[in-house]
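With the sequences and hints as input, model every part of the structure.
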Amino acid sequence: MFGYIIVNKPEMKFKEFDLYQSYYCGLCKALKDQSGRRGQLTLSYDMAFLILLLSSLYEPETQLSCQKCVAHPFEKHPARVNQFTAYGADMNLLLSYYKCLDDWEDEHKLTRKIMASSLKKSFHRIAAAYPGKAGIFQENLGRLRRCEKENSKDLDEVSGYFGNIMEEVFAWRKDEWEAGLRRMGFFLGKFIYLMDAFEDVEKDKKAGSYNLFLEDYNREGFGQKVEQALNMMMAECSRAFERLPIVENTEILRNILYSGVWCRYEYVKKNRERNVTDV
Amino acid sequence: MYDPYAALGLNRNATEEEIKKAYRSLSRKYHPDANVNNPNKEQAEEKFKEIQQAYQQIMREREQGASGNYSQGGSGGQGNYWDFGDFFGGFGGFQGQGRASGGDEGSAYQQAASNYIRSGHYREALNVLGSMKERDARWHYLCAIANSGIGNNVAALEEAGRAAAMEPGNPEYQQLYARLQNGGSWYYDRRQSYGSPILGSGDFCMKLCLANLACNFCCGGGGLCCGGVPYC
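Sequence order for the protein chains is A and B.
Count along the first sequence from 1, add 1292, and you get the number used in my numbering.
Count along the second sequence from 1, add 10, and you get the number used in my numbering.
Keep in mind that the hints were calculated from the coordinates and are not lab data.
Positions of the beta carbon are idealized from the N, C-alpha and C atoms, including for glycine.
Accuracy of the hints is not assured; some may be wrong.
[Said to hold, decoys possible] Covered by chain A, according to a simulated footprint, are these stretches of chain B (three or more residues, beta-carbon under 8 Å):
id	stretch
1	43–53
2	58–67
3	160–173
[Claimed, not checked] Derived DSS-like pairs: lysine-lysine, alpha-carbon spacing no greater than 27 Å straight-line:
id	chain 1	residue 1	chain 2	residue 2
4	A	K1441	A	K1401
5	B	K51	B	K31
6	B	K57	A	K1466
7	A	K1466	B	K31
8	A	K1391	A	K1305
9	A	K1305	B	K31
10	A	K1307	B	K143
11	B	K143	A	K1466
12	A	K1466	A	K1445
13	A	K1497	A	K1412
14	B	K59	A	K1466
15	A	K1466	B	K51
16	A	K1495	A	K1562
17	A	K1391	A	K1413
18	B	K31	B	K59
19	A	K1445	A	K1413
20	B	K59	A	K1445
[To be verified] Some but not every residue of chain B turned toward chain A, in silico, with C-beta under 7 Å:
id	residue
21	P14
22	Y33
23	R34
24	K143
25	G205
Here is the structure:
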């Protein structure tokens, strides 16, 4: 997916980081088992967050195993796998497939088309297993596409469509926590969309592609406006998180929600400031 | 009077952490899955529902306590899986009474929009508001609430700011504007309590971070399993 939902590692204890990493390794393993090596390439930390969140909320039975893998052929790594790992892997693949198709249509990158077709088989399996979710993803991606064509500048509307998609990913099942999870996913999705637009604005300007911030970009106070919006999204997401009865892994989850999600933002911001002073 | 704290075996001074822990241990005990062979499983299920409701009630009360007084906000909004209004404590006692400005057409519309908001039908409220030509401070105020109700938090803040600027003496508008701003400021404070993700680290480190992040992009091609550290 996007890679925005990550930890702020220097602020973490080793023990916590290892635990986080073991869910990530579990996701990697599940992707390979469920969707093959091609599927494995879609691995992302975003989904590791969801798996950790759902595992902490529902506290399911979790298998701990030691894995060697392509990245670490000589050392074994602990991998944690449970029912949410399987769910997260499927959602990851579904989203990646749609994103590849989207990139192909947008930028005509052939690699994306090849990637999408290599994921096709797994995609059909998963879309059939979660027909409701696949339908909602498609519908909202269609709306996003229309916004792009119409050159929409409506922050809430455009990012909200991606929010609807993430909301659906977070809503694992119908129960008493569904509303809270949906709320988290919705605002996290809005955050991701805005963050992505913020990061790509210069690139899109050069390429003449659509970007939500194209007009605002050179205006006074643009940075402040974006940061305020991003901050609001994470505030709503985190508020919903704090209402959930989670007592395990809270340090890791809070590290991500209150700090990790800002890593890329700070990086992009600092880079831009430096470019300005260089000129 | 029913005390949700008692249902969890707590007193009102319990910390949020204690509430969550108490809920967890009780819900493990009474969860239907844990009582399949229990001869009194109906009672266990009753109890399970009770602690669930107690937990939700406590969390709601605490949030509303933190954000002002509460009047029963809209509920049962169509197509909403959550009720945003609920999270704002019913907008601090949103009464929704249209201004009695001579009973003209505008105020009738505003009344309709208020009614929609009160019953949690935020989209319908926005439709009504969108069809009005006259846009006074009250209009922006209602627009802010309805937008907040459907998760359009950026627009909600803008509209609330407009209402507050148009009628600086109106406490209702000021209160809503302040509340929407506060929604972000508690988070901002908490965010500051963590070390900055980037400033502490050197240039080389940052490049490494990005290289690592890039590997984790969708279809980035390099997303190897357990790709080491997510960033330095």
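To see whether the hints hold, each was checked on the structure:
{"no.": "1", "hint": "43–53", "in the structure": "violated (count 0)"}
{"no.": "2", "hint": "58–67", "in the structure": "holds (count 3)"}
{"no.": "3", "hint": "160–173", "in the structure": "holds (count 6)"}
{"no.": "4", "hint": "A/K1441 x A/K1401", "in the structure": "holds (19 Å)"}
{"no.": "5", "hint": "B/K51 x B/K31", "in the structure": "holds (23 Å)"}
{"no.": "6", "hint": "B/K57 x A/K1466", "in the structure": "holds (20 Å)"}
{"no.": "7", "hint": "A/K1466 x B/K31", "in the structure": "holds (23 Å)"}
{"no.": "8", "hint": "A/K1391 x A/K1305", "in the structure": "violated (34 Å)"}
{"no.": "9", "hint": "A/K1305 x B/K31", "in the structure": "holds (22 Å)"}
{"no.": "10", "hint": "A/K1307 x B/K143", "in the structure": "violated (60 Å)"}
{"no.": "11", "hint": "B/K143 x A/K1466", "in the structure": "violated (42 Å)"}
{"no.": "12", "hint": "A/K1466 x A/K1445", "in the structure": "violated (34 Å)"}
{"no.": "13", "hint": "A/K1497 x A/K1412", "in the structure": "violated (32 Å)"}
{"no.": "14", "hint": "B/K59 x A/K1466", "in the structure": "holds (15 Å)"}
{"no.": "15", "hint": "A/K1466 x B/K51", "in the structure": "holds (22 Å)"}
{"no.": "16", "hint": "A/K1495 x A/K1562", "in the structure": "holds (16 Å)"}
{"no.": "17", "hint": "A/K1391 x A/K1413", "in the structure": "holds (16 Å)"}
{"no.": "18", "hint": "B/K31 x B/K59", "in the structure": "holds (17 Å)"}
{"no.": "19", "hint": "A/K1445 x A/K1413", "in the structure": "violated (36 Å)"}
{"no.": "20", "hint": "B/K59 x A/K1445", "in the structure": "violated (45 Å)"}
{"no.": "21", "hint": "P14", "in the structure": "violated (13 Å)"}
{"no.": "22", "hint": "Y33", "in the structure": "holds (5 Å)"}
{"no.": "23", "hint": "R34", "in the structure": "holds (5 Å)"}
{"no.": "24", "hint": "K143", "in the structure": "violated (21 Å)"}
{"no.": "25", "hint": "G205", "in the structure": "holds (5 Å)"}
This entry does not satisfy hints 1, 8, 10, 11, 12, 13, 19, 20, 21 and 24, going by the numbered hints stated previously.
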